[in-house]
Amino acid sequence: MPVILATDFIVFFLAGAIVYFAIAVRKDGAAASAWREIRKNRLAMACLAVLALYFSVALLDSIRYRDPVLREDGVQARTEKGEAIYSAQSLSLLDRAFEGMRANHEKTYSAPFAKHLFVKENVELPDGTTGREYAPLKHPGAHWLGTDKVGDDVLFNAMKGVRTAVVIGAGTTLIIVPFAIFFGVVAGYFGGVLDDIVQYIYTTLASIPGVLLIVAFMLLFGTSGYQGGLISEGRLSLGVFVWNDRLFWLALILGITSWTDLCRLIRGETLKLRELEYVQASRAFGVSRPGIIYRHIVPNVMHLVLITFVLQFSALVLAEAILSYIGIGVGPQMGSWGNMINNSRLELSMDPVVWWNLTASFIFMFGLVLPANIFGDAVRDALDPRLRYR
Amino acid sequence: MGPVIKIKDLRAYFKTPKGLAKAVDGVSFEIPKGGTFALVGESGCGKSVTALSIIQLVPEPAGYIAGGEIVLNGRDIVPLDEREKRGIRGNKISMIFQEPMTSLNPVFTIGDQLMETIVLHQAKRKGAARKAAIEMLAKVHLPEPERLFDEYPHRLSGGQRQRVMIAMALACKPDLLIADEPTTALDVTIQEEILRLIKEMKESTGTAVLLITHNMALVYRNADMVGVMYAGKLVEAAPTQELFRNPMHPYTIKLLRSIPGQEKRGKALDTIPGAVPSAVSYPAGCHFSGRCPREMEGCASIEPPLVERAEGHSVACHLHDPGFMNKPHSKPLRQEPDALPPLAVPPSERETILEVRGLKTWYPIRKGVLKRTVGHVKAVDGIDLSIKKGSTLALVGESGCGKTTAGKSIIQLIKPTNGEVLYKGADIATLGERRLKPFRSALQIIFQDPYSSLNPRLTVRETIEEGLRAVKPGMGKEERAEKVRSVLERVGLGPEAMSRYPHEFSGGQRQRIGIARALAVDPEFIVCDEAVSALDVSVQAQILNLLKSIQRDFGLSFLFITHDLGVVEYIADEVAVMHDGRIVERGTTADIFSAPKHDYTKKLLSAVPKIDSRLADLWHLPGLGAVK
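Those protein sequence lines, which keep their order, are chains A and B.
For the first sequence, the numbering used here gives the first residue as 1, with consecutive numbering after it.
For the second sequence, the numbering used here gives the first residue as 391, with consecutive numbering after it.
No lab work stands behind these hints, which were simulated from the structure alone.
Check before you lean on any hint, since a few could be wrong.
Here are a few chain B residues that face chain A, going by a calculated C-beta distance under 10 Å [said to hold, decoys possible]:
(1) Phe837
(2) Ser843
(3) Leu848
(4) Arg851
(5) Arg859
(6) Glu886
Note that the coordinates shown come from a computational prediction; the quantities given were computed from them, not determined experimentally.
Glycine included, every Cβ here is placed at the ideal spot set by N, Cα and C.
Isolated chain A, as found in the complex (with noise of 0.2 Å):
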């Protein structure tokens, strides 16, 4: 029985915008030559293959479904009005593939590749006597970066953690962009009254702390929501559709507090534009201000939107973290690198100090948002005109 949370939707329409561009690509247009230009820059397509693969990653996370309980005799159990019954678990195609990661538990910490725990604990030794040894693990050399305080394998729950890295980035984003263009240009080029409310707006959004802002609203939307782990009866759904999903309100929060900067950007960009010779040529033949904005606004304010993108992207998903932290952040359940730089605080106390959940962290972030960048320049390039020909 498949299970869709609410925030699987971002994901869907990422790869729907990716499909989207793949068939526009190969008519010929503009979307045709700005990837032979990407296709030029070999760095850019590299990049571009290590963001395949995290998608990748977060589209086989993002489809999941519950198994039917089976009764001992191997026949799928019902209920007495003759439903079937399906686990509370909804495992998804990610965790399937690495079924052996993620089964593969040890009884707490131990470092990369290691054979033994990371401390030691009383164990029974072949003399019948009891002593302090670090213990064999279950599965000696399986865990290729260690496993965390639970004893759960750091490198599966970093690929957790990429679903919703890109759900955070992707989704804030959608919500970001769309609102941040329509309110900025608006107040750019109407001036006026309009300009005074939307100021006023992002004004008074801006100087509300923005964690204070956060916290209330998850709070009084999002614990209740799902966190990751079990479906469970009573408050959540049991259908298909879930969409009380936390994830899905700290994505929509993120943004509603993040769009000001932005907006304040392309207003001031659109007040250059709105004067310059080519908008009033526009204006001299009585084209209408939709289809001046549409035409020689927004496309000269798309660079704005592309570069805050790929700054904010490493910034959300920074965010992400600091909420998770003060426990308004995704559950305990749901793999994010906020959670693990989180649980990494302590670690990095100890002595001998547990790096690798810290640096796993790292790496995965690291992986995604500085390809992100590099190849959100060359997208910009590519889409430039000018930097085009050269």
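Following the hints, complete the assembly by docking chain B onto the known chain A.
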């Protein structure tokens, strides 16, 4: 006594992704004490890089001085170390720049900035430096120097700031003052005051001046010696009177003949085909080969040296080298006719196409929380104009006089506050955007800045089609493409331009695209808002010729908004002089220029530097006789 500064075979190169750009490729000249040497040429020919090389400020690391000597008072300053060079800059050689609005730091007072140089180079104490600074402010004729000393730059006008810059530059009594386009950003009446000041300061301190400009008339009035630069080289150098009486290099002659003026009315202006070669790929021989109207077979491969051919008059051209002319490679490749084609004047029609009555455009000044209107900026304050079909009315005035606002108010880009704009008898000033639509195609505008007037993200075809889509929605795709092709051809661009983006074109070509955009919708009246002001003189000539010919072919009426009176004398039938939002004088071009009545008009006309119009008769390309 030797010259103050002697430049010998100076070369300044830049490393660029496309190759080595030879911005300055062997320039030699010298300036005596108290002399003024003017370096003229079009943009990109290496004038400014020459100046920066002399003051040892070529932008590193991309640029460097590749060779030559800069001998200041007998000592070559090129090999000096950075510490010694700092001692020379601002002290022995100082510089003033084009843009007075940005060359002073807005967060320091005038006094602080002026004292900085004095303290640095003259090792004076603060008190003494203050005294010297105030003295300098008085010397450049700034009012109340004591009070100005503690003012911030934003309190000063452009002209006053340029005076402060001059005071700073001359505070240490330098041996050489480099003035890089010192008046280009200033109004013509202020321009004259600044030049007079430079002259006066030069006479009192004995400083030599290197004047860099693109304005030939300015050179004629203010320089002792002139050097003409083209593509990194000095092609001709002579005492000013000699150069204007007897220009020898075909480039100099062409340049002089492309300057618009009264004496050229009814004739086409001279133009130079093609574009200045890129600094990374000069021709092996003469850099002007390929564009020269008198090119010979050997020109592209044999470089002409700069040789003195008359008293103090050097020229780098094979035409004046008897040795070269005797050899077979002097066979002419091209022989452009010397005489310029006449430009048929359209028959003057009596029909008035556009009339403006009592036009006012006021901007409210709002203050306070409730934004109450406390007053108005009267940008245009009641003007009357009338333009006849097929004729050109010039609206002249200094910056800030409201001429651009007036132009935009007439074609309803800015809604006027009051007054009537009658287009063929219909008042369009009161119409809303929807009812204005039928008039939009008839009234068009061409802008000044060829860079900001085209959307960088649209192809030329999309740009030109935009107007057609808006005013003729019923037009088919094929028909539209055909129209775009035909207007592009009319302005001298091929159909291959359609799919290209604006940045692939030069400034002059962009201006042609801007003209094509306006022409595409079949207008009857075009506002040319400083349409040729940002262009180099030879490109300006091409655009003026183009405007004249489309006016003749389509019977267009132009409202020509400009501050350049030479252009007005050349192109306009009638002139309206604007000052502080009002029109102070109106009349035919001949009347206004020969007998101005209003004081402001007189002041404006007398401030414009002009080349003696009789000299124009002397500017002829060397004919076959000279070739021999």
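Cross-check of the supplied hints:
1. The beta carbon of Phe837/B is positioned within 10 Å of a beta carbon in chain A (closest approach about 4 Å), and the interface hint is therefore held.
2. Annotation: Ser843/B was flagged as interfacial toward chain A, and the flag holds, the nearest CB pair being 4 Å apart, inside 10 Å.
3. For Leu848/B, the shortest C-beta to C-beta distance to chain A is roughly 7 Å, which falls under 10 Å, so the interface hint holds.
4. Because the smallest distance between the Cβ of Arg851/B and any Cβ of chain A comes to about 13 Å, over 10 Å, the interface hint for this residue is violated.
5. With a cut of 10 Å, the hint placing Arg859/B at the interface with chain A holds, because the nearest CB-to-CB distance is about 8 Å.
6. For Glu886/B, the suggested interface contact is broken, since its CB lies about 13 Å from the closest CB of chain A, more than 10 Å.
Checked against the numbered hints above, the structure violates hints 4, 6; every other hint is satisfied.
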